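Peer 1: Each chain, letter by letter, is given below.
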Amino acid sequence: MKTTATMTRRGVLRLGGGVAAGAVLGGCGKVRALWPRRGELKPFAVPGGEGIGPVAHVLNRLTWGAGPGDYERVRAMGGTEEEAAAAFVEEQLKPEMIVDDYARAACAPLEAIRQPVPELFEYKPAQLDDELTRRAVIRAVHSERQLYEVMVGFWSDHFNIDASKLDCQWFKCADDREVIRKHAMGSFREMLRASALSPAMLFYLDGRKNRKDGEADRPNENYARELLELHTMGVDGGYSQEDVMEAARCLTGWTVTGREVQFGIGRVYFDARGHDDGRKVVLGVEIPAGGGAGDLDRLLDILMGHEATGRYVAEKLCRHFIADEPPGGAVAVVAEAFRASGGGVREMLRALFGSEEFGAARGVKIKRPFHFVVSALRATGSVTTAGGGVKRALLVMGHVPFHYPTPEGPAPEGSAWLATLLHRWDFAVKLTDGGIGCSRNEPEKLVKCAGGVGGLLGHCFGRRATADELAAAGAVKDVVALALAAPAFQIY
Amino acid sequence: METIIAEERGPRPVLVNVFLRGGADGLHLVPPVGDDAYYRARPGLAVKAGEALRLTDFFGLHPDLRPLHGIYQAGELAVAHQCGTADETRSHFSAEDYVNHGGLEGGGWIGRFLHRTRDPEDGPLTAVSIGSGVSDALRGVAAVAMRSLEEFTIPDRDPALRGQLGAMYARAGGVLGAAGASTLRALERIESVRKGGGVSGGVAEAGYGDDGFSGGLKLLARLIRARAGLRAATIELGGWDSHFAQTTLTSGLMPVLARGLAAFRKDLGGLMGEVHVVVTTEFGRRVAENVSAGTDHGRAGVCFAMGGGVRGGRVLSDWPKGGIGADILEGPGDLPVRLPLHHGLMAVLKRIRPEVSGEAVFPGLEAGELDW
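Listed in order, the protein sequences are those of chains P and W. Be aware that the first sequence starts at 299, since it is given in the numbering used here, and climbs by one per residue. Be aware that the second sequence starts at -9, since it is given in the numbering used here, and climbs by one per residue.
These aren't lab readings, by the way, just hints derived from the structure by calculation. Mixed in with the good hints, there may be bad ones.
Computed beta-carbon distance windows for the label pairs [claimed, not checked]:
(1) G358(W) with A638(P): 46 to 54 Å
(2) G192(W) with S462(P): 53 to 61 Å
(3) A709(P) with H105(W): 41 to 49 Å
Simulated crosslink set (DSS-like; lysine-lysine; CA at most 30 Å straight-line) [as the list claims (entries may be wrong)]:
(4) K340(P) with K746(P)
(5) K614(P) with K340(P)
(6) K463(P) with K614(P)
(7) K311(W) with K38(W)
(8) K728(P) with K185(W)
(9) K185(W) with K689(P)
(10) K422(P) with K340(P)
(11) K38(W) with K775(P)
(12) K463(P) with K746(P)
If you're wondering where the values come from, they're calculated on a predicted model, not measured in any experiment. Every residue, glycine too, gets a C-beta built ideally from N, C-alpha and C.
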């Protein structure tokens, strides 16, 4: 069976041409089907407006970048651009209704990260890390549930875990599916609780070590602080050092088994003997003595009910989807949706995408490196298994998923990442030159299918190219590299 | 092309900021071995007086920092203890922000300094962050992030590409335009450095480690030697957030720090007179150890200065007479800040450019300089 699969793939690659088969075969896993996700590359319509129109805008913001044919498909969803854009938003808000066989098949070879928690420990961390990174890239590039994948990226930053720390090397795989992917479009409250009790988080922020056995023991406040500062209220949320310590007391006793045990690795449990069961006061709200394990939910309820939490989450979402300086009006609307729905992600997103501020803020955000790499792969209609050159590019730009060391997560503003510009140009040139292993595309055919050089630029920029841009493209051999390296492709 | 490197000019002073990310524990790096309260607060973690390397009658140096001891004895390394900022959040994020921005204003403390003292020689390699991102300390001036010289290039399969990109970015303007222009200039400068060397004859004997920190310092030494126009650089060594198992955690980091700095000094030799190294962190750690044999976020820590004519061989501090007992601690049990970090940094900057004022670099903070 294996031989047949390899032969078939090799045959496919030969037919495709452009890439030396040897370069693609090394450690890439299986390249299953070819782009576009719904068949061969064929002629497609591109945006033609002078500026970024409503459809190109939602493709920019709700996806990891438009692929060949995406504009044409979405445009056909409504009579006007506005109606089409609104229909696309509704489609993307219900990922469970979207068939995603291609991405599932593309990730099928990544078997280790799908194992139940104890079995994860039978794999080497390097393999799990490789599979985690590749799944993040493959799904971002190839999934039809684009908004869902964008939200997975958002929450992975929000609940940042450095997958290289201690047992997180194994547990992050479970965190990715049980915390992030499970709740990405669901309930923030449930995601928060799942994160608090996630083995990876209990290791990453030392919650497992937070216990009180004697009178003199001070709680380990690492997780409690980040819970308030980064996960819920924000650093200006109005809590005090005292609140941090009280929150840490609420959480004493929750722990997890790691590699030190032979059986039952990854068991999260409440050890009443390590719990500080006295009375606590968090943010002015009393938690009576004797609450035991229930202190956790009491604490989370207090945080969820605090006005700062809704505002902070709303601000982060608006920063992500609208502008680096989130407009106050939209923040208020999204914060209200948070309050009304008890932290419903879908409800917040619907409110956000419906706001005037969202519609108006076109092309004002700068891509971060991961976004740049994925959008370049999508724009070129590349088929990727995300090995080799893709991972190297992310590494050199400092934006490999799950590798950010400190809990605040990688900087959200694209402008903080502009020192990577040279590496972006490098990637653009190599991608269209076959220099990025494990990724295949056909630049000449792409230009042809887009309707020529002008069409290609329109496809990449989400708007009609200017005379200057057309002149620049006319002066170079490699127009696809130029389009990807251009300033207009760094923004969205 | 303005890529000529000023080989003939005298050495330009260079500021190198080593940032120990995560909150390095000053009481562990430079233990107050003469303070009984220190030993009471840290029954499991304290550095034994007999094991610490002698700095003064009162302070010792952690034995894992041994390569720094000789530099201290040679009078080229000074320590500021009980040093820190006014940020009381005990949050990594806020405290690091405060340190690197140099207070609550926008911009970075090094960025403001470079901006105030800019001269026509400044180019794309004036300010460099070793690593994948530019440090906030450099905010306010054009700066590049760099991991190695070799990765700093693009394939030139299509010779027209670079020129067309240059034109496109120039037209784009704004932050993208500036980034494009700075990237193109840096590319040209690096290519000439690569051709021109900058590697010292003694680099092999300097004693660099195989780790990324040593690698980064080695790269900086090369840029300094090549007179590539460097005026300020930042480099990080992370992982100091020792909430648990602090001894194990820091025993891997301290040798990396000390070895790298000692090799850097040796590699640069006589040039060290113009290379001003300051080692900072976001905060020190709580005086009492916690239940997991670690320490939580605290307030005051240590700051080191090396080279650039620092009056070394001294530990500057304003240690409480009765030791660091509960009566003098603040908040949840932290060492209060007695020596403002920005006074230490300002003294170093004054040695580089005496005319620059504290108000210009650290706006809103009380002016002053540490006597080192």
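Peer 1: If a hint holds in the structure, say so; if it does not, say that too.
Peer 2: Hints versus structure:
| no. | hint | in the structure |
| --- | --- | --- |
| 1 | G358(W) with A638(P): 46 to 54 Å | holds, 52 Å |
| 2 | G192(W) with S462(P): 53 to 61 Å | violated, 34 Å |
| 3 | A709(P) with H105(W): 41 to 49 Å | violated, 22 Å |
| 4 | K340(P) with K746(P) | holds, 9 Å |
| 5 | K614(P) with K340(P) | violated, 38 Å |
| 6 | K463(P) with K614(P) | holds, 26 Å |
| 7 | K311(W) with K38(W) | holds, 21 Å |
| 8 | K728(P) with K185(W) | holds, 24 Å |
| 9 | K185(W) with K689(P) | holds, 29 Å |
| 10 | K422(P) with K340(P) | violated, 42 Å |
| 11 | K38(W) with K775(P) | violated, 68 Å |
| 12 | K463(P) with K746(P) | violated, 47 Å |
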